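Enquirer: Sequence:
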Amino acid sequence: MKITIVSVGKLKEKYLKQGIQEYLKRLSAYAKVDIVEVADEKAPENMSEAEMEEVKRKEGERILSHIGPDTYVITLEINGKMLSSEQLAKKMDELATYGKSKIAFVIGGSLGISDEVMKRSDMALSFSKMTFPHQLMRLVLLEQVYRGFRINRGEPYHK
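The numbers in UniProt numbering rise by one with no breaks, and the one at position 89 of the sequence shown is 89.
Please keep in mind that the hints were generated in silico from the structure rather than gathered at the bench.
Source: prediction; values computed, not measured.
Check before you lean on any hint, since a few could be wrong.
What the hints assert, rightly or not - With a straight-line Cα cutoff of 20 Å, these simulated PhoX-like cross-link-like pairs (lysine-lysine) come out:
hint, residue 1, residue 2
1, Lys-102, Lys-2
2, Lys-25, Lys-2
3, Lys-129, Lys-102
4, Lys-32, Lys-129
5, Lys-12, Lys-2
6, Lys-12, Lys-32
7, Lys-81, Lys-25
8, Lys-90, Lys-102
9, Lys-81, Lys-10
10, Lys-2, Lys-90
11, Lys-32, Lys-119
12, Lys-42, Lys-10
13, Lys-32, Lys-90
14, Lys-58, Lys-2
15, Lys-58, Lys-42
16, Lys-32, Lys-102
17, Lys-119, Lys-81
18, Lys-102, Lys-91
19, Lys-2, Lys-14
20, Lys-2, Lys-42
21, Lys-100, Lys-90
22, Lys-119, Lys-100
23, Lys-17, Lys-32
24, Lys-129, Lys-2
25, Lys-91, Lys-2
Stated by the list, open to error - Listed next, with one range per pair, are the computed distances between beta-carbon atoms:
hint, residue 1, residue 2, range
26, Lys-58, Lys-2, 24 to 30 Å
27, Met-1, Met-47, 22 to 28 Å
28, Pro-133, Glu-22, 15 to 21 Å
29, Phe-132, Glu-61, 41 to 47 Å
30, Gln-18, Glu-53, 22 to 28 Å
31, Asn-46, Lys-81, 28 to 34 Å
32, Met-82, Asn-152, 32 to 38 Å
33, Asn-46, Ser-101, 22 to 28 Å
34, Lys-90, Lys-2, 37 to 43 Å
35, Glu-54, Ala-96, 21 to 27 Å
36, Asp-122, Gln-21, 25 to 31 Å
37, Met-52, Arg-153, 18 to 24 Å
38, Asp-115, Tyr-15, 30 to 36 Å
Idealized CB from N, CA, C, for every residue including glycine.
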């Protein structure tokens, strides 16, 4: 399985980079995982609705340029479907079973995801109704993907 995480913005925090590297190392036994960072647009305070949509559109174009036509796309959205760790593991297993070996998880920028990216999405996933920094979501997502592989293989993992 090839998993790509397409995320808006550059990761700067050292502690997040270290956590991400740890999970990438752990995941290497199960899948090829790549992280693609696309540039974020400047988003000053007090933007109009049209300006915000333009920012999301530009970021969305960058996101879509990294997604192939045969890739199953899962967008992280606050209004997406909430799954347990076991349900996410089952979904990943079903995708692999039915030949969807390329999966892209998309983490939008501070304003969210463009309509174009949402239209390309095969599944909208929510981790919570709360808002999280998109940089932190990379780490949380990698941990859940790793947990999913462990669950699917019947390997022990802390609860």
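Enquirer: State for each hint whether it applies.
Expert: Hint check:
no. : hint                            : in the structure
1   : Lys-102 with Lys-2              : 5 Å, holds
2   : Lys-25 with Lys-2               : 15 Å, holds
3   : Lys-129 with Lys-102            : 27 Å, violated
4   : Lys-32 with Lys-129             : 30 Å, violated
5   : Lys-12 with Lys-2               : 25 Å, violated
6   : Lys-12 with Lys-32              : 23 Å, violated
7   : Lys-81 with Lys-25              : 28 Å, violated
8   : Lys-90 with Lys-102             : 16 Å, holds
9   : Lys-81 with Lys-10              : 26 Å, violated
10  : Lys-2 with Lys-90               : 17 Å, holds
11  : Lys-32 with Lys-119             : 26 Å, violated
12  : Lys-42 with Lys-10              : 13 Å, holds
13  : Lys-32 with Lys-90              : 19 Å, holds
14  : Lys-58 with Lys-2               : 26 Å, violated
15  : Lys-58 with Lys-42              : 11 Å, holds
16  : Lys-32 with Lys-102             : 10 Å, holds
17  : Lys-119 with Lys-81             : 16 Å, holds
18  : Lys-102 with Lys-91             : 13 Å, holds
19  : Lys-2 with Lys-14               : 26 Å, violated
20  : Lys-2 with Lys-42               : 31 Å, violated
21  : Lys-100 with Lys-90             : 13 Å, holds
22  : Lys-119 with Lys-100            : 18 Å, holds
23  : Lys-17 with Lys-32              : 18 Å, holds
24  : Lys-129 with Lys-2              : 28 Å, violated
25  : Lys-91 with Lys-2               : 15 Å, holds
26  : Lys-58 with Lys-2: 24 to 30 Å   : 26 Å, holds
27  : Met-1 with Met-47: 22 to 28 Å   : 39 Å, violated
28  : Pro-133 with Glu-22: 15 to 21 Å : 19 Å, holds
29  : Phe-132 with Glu-61: 41 to 47 Å : 24 Å, violated
30  : Gln-18 with Glu-53: 22 to 28 Å  : 35 Å, violated
31  : Asn-46 with Lys-81: 28 to 34 Å  : 33 Å, holds
32  : Met-82 with Asn-152: 32 to 38 Å : 20 Å, violated
33  : Asn-46 with Ser-101: 22 to 28 Å : 45 Å, violated
34  : Lys-90 with Lys-2: 37 to 43 Å   : 19 Å, violated
35  : Glu-54 with Ala-96: 21 to 27 Å  : 38 Å, violated
36  : Asp-122 with Gln-21: 25 to 31 Å : 28 Å, holds
37  : Met-52 with Arg-153: 18 to 24 Å : 43 Å, violated
38  : Asp-115 with Tyr-15: 30 to 36 Å : 34 Å, holds
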